[in-house]
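Peer 1: The primary structure of each chain is shown beneath.
There are 2 protein chains.
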Amino acid sequence: MRLLLLSNSIAPGYGPLEHAHAVLRDVLGDARTVAFVPFALADHDDYTKTVTDALRPVGVEVVGAHTGEPADVVNRADAVFVGGGNTFRLVTALYRHGLVEVIRRRVYTGMPYIGSSAGTNVAGPTMRTTNDMPIVQPPSFDTLGLVPFQINPHYVDTIPGDTHMGETRERRLLEFLEENDTPVVGLREGTWLRRHDDLLTLGGIEAGARLFRRDADPAELSTGTDLSPLLQTTPRFDV
Amino acid sequence: MRLLLLSNSIAPGYGPLEHAHAVLRDVLGDARTVAFVPFALADHDDYTKTVTDALRPVGVEVVGAHTGEPADVVNRADAVFVGGGNTFRLVTALYRHGLVEVIRRRVYTGMPYIGSSAGTNVAGPTMRTTNDMPIVQPPSFDTLGLVPFQINPHYVDTIPGDTHMGETRERRLLEFLEENDTPVVGLREGTWLRRHDDLLTLGGIEAGARLFRRDADPAELSTGTDLSPLLQTTPRFDV
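Sequence order for the protein chains is A and B.
For the first sequence, this note's numbering puts the final residue at 389, and the numbers step up evenly by one.
For the second sequence, this note's numbering puts the final residue at 389, and the numbers step up evenly by one.
Hints were generated in silico from the structure; no laboratory data involved.
Ideal placement from N, C-alpha and C gives every residue a C-beta, glycine not left out.
Any given hint might turn out to be false.
Derived DEER-like restraints, expressed as beta-carbon distance ranges [to be verified]: (1) Ser-372(B) x Arg-182(A): 54 to 64 Å; (2) Asp-196(A) x Thr-308(B): 15 to 25 Å; (3) Gly-163(B) x Asp-367(A): 27 to 37 Å; (4) Asp-388(A) x Thr-217(B): 18 to 28 Å.
One chain only, chain A, in its complex shape:
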């Protein structure tokens, strides 16, 4: 299985996906065509154009999943890229178009999967650690399950002196762990997870990631860390 799960598509000081050109080339390998799933944003044509431009230097042809029957577009492509935006909107569309099963089957049989932000969220077993607003109601919070742990993209640290009374990201993830016994990797912006079969590594900028587990203190993860043991996780929800 070949996965590249980006926290986000734009790192400070770079153009869209520019910070990840090298690893994108590596993960895409000899793939020529990429089916782009734009359903997390409202304007599918505009979003597909942005990603087409962003992936041109990587040397692949991009086809919007909305330009035909989405499942057919994904089935005909060499790789799939699920873009960011609103995760509730994305998951609703994945179910509506029968993409949950199609993507899962293709990726489990070797098709490279690229996700960014919401597209990274849905690579976990559920969307329960998304940061997004529930603007539409999907039929289920269950997602692709390409890794057995949860991911929180755009992970941000608590800002000292912040007077806002809303929960911090860390507090939100600890509340997730009150209800569910499944680890969460909080991916800071500019970082990514890369899976090649049984090997899982943390890549990207130096900021790294933060790992949250039930009954354990949160732990810092440095870029380059081998996280393969996380692939042995047995996810448990509503416990």
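The hints should help you fit chain B onto chain A, whose structure is shown.
Peer 2: Just chain B, lined up with the frame of chain A:
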């Protein structure tokens, strides 16, 4: 109908609910007992104790809805207070305990309703404008519908110069309006909405609120504004 919908329970420089003592007394009127619904947080006893202490100066007796059959506790009380925390956890519990119908019926027949944060979110027709993480999956996003428009508590303005790539609150609410044609009142911290039958007013600290409507620029609302026309809203979702 008597509602007090607080953005949050703690205003900077005040103890829990202290900023709202006068309006709480006024809305509670001659109510002697308040059923407190603590289900948005994990520790119900601890949360109920905090609220009992916070409401002592207001002169009411607080009973935790978890200390008996929740619907019975609510039915026996003179008023209901739904506390903040995680809205997904709260809504899941409201359905599990049959509280959606019980609270709606009592409040529509005159029982004062106090909400704070998540408890204010659920006073709208849906929970689609909550800021919370979907840590559990409720049977429905539909909520109490005590007002016909949406509320976003803890509303925060965009911070100039913020480099974080996650969506701003305004961006999230505009995405809500891409999918739904229902106004949203973004309540800044320390503010509240008060409904007395057909009269709706914005109260609390000077910061006020921000109104988001489809096909209109967001509008600033000052404290003291009469918002009664919003009660004529016909909410429309998935449009």
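Peer 1: Each hint should be assessed against the structure and marked as holding or not.
Peer 2: Verification of the hints:
1. Ser-372(B) x Arg-182(A): 54 to 64 Å: holds (58 Å)
2. Asp-196(A) x Thr-308(B): 15 to 25 Å: holds (22 Å)
3. Gly-163(B) x Asp-367(A): 27 to 37 Å: Since the Cβ atoms of Gly-163(B) and Asp-367(A) sit about 32 Å apart, the hinted range of 27 to 37 Å holds.
4. Asp-388(A) x Thr-217(B): 18 to 28 Å: Holds, since Asp-388(A) and Thr-217(B) (Cβ atoms, about 24 Å apart) stay within the stated range.
When the structure is compared with the earlier hints, no violation turns up for any of them.
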